[in-house]
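Please construct the entire structure, taking both the sequences and the accompanying hints into account.
Chain by chain, the residues run as shown.
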Amino acid sequence: MSNTTFDWIASLIKAVIIFVVLLQLVPVLIWLERKVVARMQQRIGPNRVGPFGLLQPLADAVKLMAKENIIPTGVDKLVYYLAPVISIVPALAAFAVVPFGEPIHVAGRVVYLQVAHVNIGILYVLALSSLAVYGITLAGWSSNNKYSLLGGLRASAQMISYEIPVGLTVVAVVLLAGSLDLLDIVNQQVKQGIWNIGPQFIGFLLFVVASNAELNRAPFDMAEAESELVAGFHTEYTGFRFAMFFMGEYVNMVTTSALATVMYLGGWHGFGPDVWYLNLIWFILKIFAFIIFYMWVRASWPRIRYDQLMGFGWKVMIPAALLNLAATAVVIVVAKERATLWLTAVNIALFVVFLAVLRLVNSRQLEQHRQVVPQPDAVRG
Amino acid sequence: MTWIPFVLIAAVAVFFALYLVLSKNAVHGALSLVLVLVSLAIFFLLLGAEFIFIVQVAVYAGAIMVLFLFVMMLLNVGGAEGPLRENPSWQLAAAIVLGCVLLFEAALHIARAGEGVRHFPQAIAADFGSPERIGQLLFSSYLLPFEITSLVLLAAMIGAVVLALRRFP
Amino acid sequence: MNPYLPILFMLIIATAFAVGALSLAMFIGRPKGGNERKLAPYECGIEPVVGEVRERFPVKFYLVAMLFILFDIEVIFLYPWAVVFRQLQVFGLIEMGIFLAILLLGYMYVWRVGALEWQ
Amino acid sequence: MDIYSAVPFSAWLALSGLLFTIGAIGFLIRRDPIVMFMCIELMLNAGNLLLVASARYRAVMDGQIYVFFVMTVAAAEVAVGLAIIVAIFRQRLDIDVDEMSEMRG
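Going line by line, the protein sequences match chains B, G, Z and V. Residue numbering for the first sequence follows this note's numbering, beginning at 1459 and increasing consecutively. Residue numbering for the second sequence follows this note's numbering, beginning at 31 and increasing consecutively. Residue numbering for the third sequence follows this note's numbering, beginning at 1491 and increasing consecutively. Residue numbering for the fourth sequence follows this note's numbering, beginning at 24 and increasing consecutively.
If you're looking for bench data, these hints aren't it; they were derived computationally from the structure. Quick caveat: nothing in here was measured; it's all calculated off a predicted structure.
List of simulated lysine to any residue pairs, SDA-like, C-alpha gap at most 25 angstroms: (1) B:K1794 to G:S170; (2) B:K1472 to G:P35; (3) G:K54 to V:I107; (4) G:K54 to B:Y1539; (5) Z:K1522 to B:E1526; (6) Z:K1522 to B:T1531; (7) B:K1472 to G:I72; (8) B:K1773 to G:V182; (9) B:K1525 to Z:L1514; (10) Z:K1522 to B:L1540; (11) B:K1535 to V:D55; (12) B:K1525 to Z:V1509; (13) B:K1525 to B:V1543; (14) B:K1525 to Z:M1516; (15) Z:K1550 to V:M59; (16) Z:K1550 to B:R1675; (17) B:K1535 to Z:I1503; (18) B:K1794 to Z:V1574; (19) Z:K1550 to B:F1770; (20) B:K1649 to Z:V1574; (21) B:K1521 to Z:F1517; (22) Z:K1550 to B:P1777; (23) B:K1521 to Z:M1516; (24) B:K1773 to B:R1675; (25) Z:K1550 to B:V1774; (26) B:K1773 to Z:I1592.
Spelled out as structure tokens, the structure:
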């Protein structure tokens, strides 16, 4: 077998496996989210279909598939059908460059444990996630419904606003690694002896917040606020077309979690022996930790107001991300070899200061609030 | 055999370029322009311009076209009128004549250059078009243009804000 | 083999899945009659308000997209810089500092003028 | 799969010229300013394609840098150009280039 044939077959197999795994993760995540959120709200969650309600997503899928395919009057049919496809295809393709293990050797050839090993991996993921805006905008526009259009515009304005902080925090990671290749980024973390969550702790926090907003998830899910916008851009979508938006969202969540794992948590590295199957388990565990964190956030915080959301993105996240980037660059130049150590120290110190300031501001606001509203307990009921 | 990707992608690009010019609907036109941009991005990739490829996708397809869509929705010009709505016929004639002249010029150039432009057998390094090389060039030969770029962006930022926020009588 | 070819495979598989699933759903869930009420756009369950559906929206949305483009370009310029930063050292710091300082002026102007407020 | 060895440079030249011509004709025959704007983008991209192709065929990377700058300028131009369209629209509530005669100054 020639080298080229081998490469073709290997990459085809990898592509199919990743595709199947990603699609299979969607029902698992939907089930998990319903269960986790239910438990946090003192409910039980799905428990009728199958053991622990495990087959519930399957039942939902059958229902969605069999639903009547309504095309509302006055929609732009071409765009209306295209929008769900546009929202899921980039989501699936974005995962192609994420590495999930050390390259392994099969029959004397190197096989990368990622669908495509490219030079500019991290930028590729960001670029494809910026294409996700289209699905939402077009869905809102084509539906011939005011609320859909407003929801779509809001969602896309929010997504593009938070793309900039995401990009800026990623630049700080690239500064440390000196490469856009995701494999290099993981290896560099092993080489420097500490995962990037240490020297980039502030960046990590910014990335988690900004990516949560970019995923349109609660508490940043103003775009699909059921109470205000009758569910936003997908109001007029039923059945499987609706399901496709959902799948796109969950796949994006997996990709973002995987990206955060690769950039900040050392990728597939963990404790114990360094064999590829253990590494894979570590990788999956870290991804699920992130996903459960996102679910936890969703269950804990109320939705924030749209003007606050945009103001936060432009006035807090961008300056903070720029400061983080500048600090990283300066420390790298000044501290040279000991940059990692210094960055870790600076980040932790800054975080402590940040917490202290937050506490101070909070208590002051609470004080003012008490003065304005004499009996807050009575008001709250 | 290696002609196939070129012909396929070129056909896609030309088809959607024509669709942009002739379609009645501005939003459909914008979507077809996105497809043209993406097919050109694939060409960039095949021509060894890895970084430019991703910039094309991220900036052109991911940002500039989004602004076009936003403005169309903002101004509600989605379902615009026919493409050739009551255009003066001299304009149409001038356009076609000018187009023919342009094409003829290109053809003339190709014909005159003959074998000269057909092949420069040039091997390229493995990192041709990588972000490292772009960065090295940007911070050596092209340092001044790079800094001036920030002025262009500053001017654009101020200009657009002034124009968009202005109160009209 | 071109390292980007697997991405093409992925794109083809994903598109085939999306189109296939949608066609299947279209086949299974054929509309089963009904009147024009059923096909009317859903706006809080009440009768759709008469008038232009694709209304005009606040200029704010446009401003956000415009600022996004300019900042996106700025971020894109940061990537090649970050990759070669270890070679450039202080020189890179100064040059990028100038670049960002000029853009920060614009950012401050935008903020001062109130383009970032969302009334 | 090297596209470079099979496709002569003149093919890129022809494709780029064709796309540029389509953009130019579109710019002249359409009246919707947003579509005209998109035609300008098409013309810019035809130029970019030629720059990248010649960068490859001469094995010099400068062409790619030019494309990078062209994209930057295009982004700035789109932001300002669309701002002008929005401003005119807000004032006149109608956009048709033939009626923008007051722009002549």
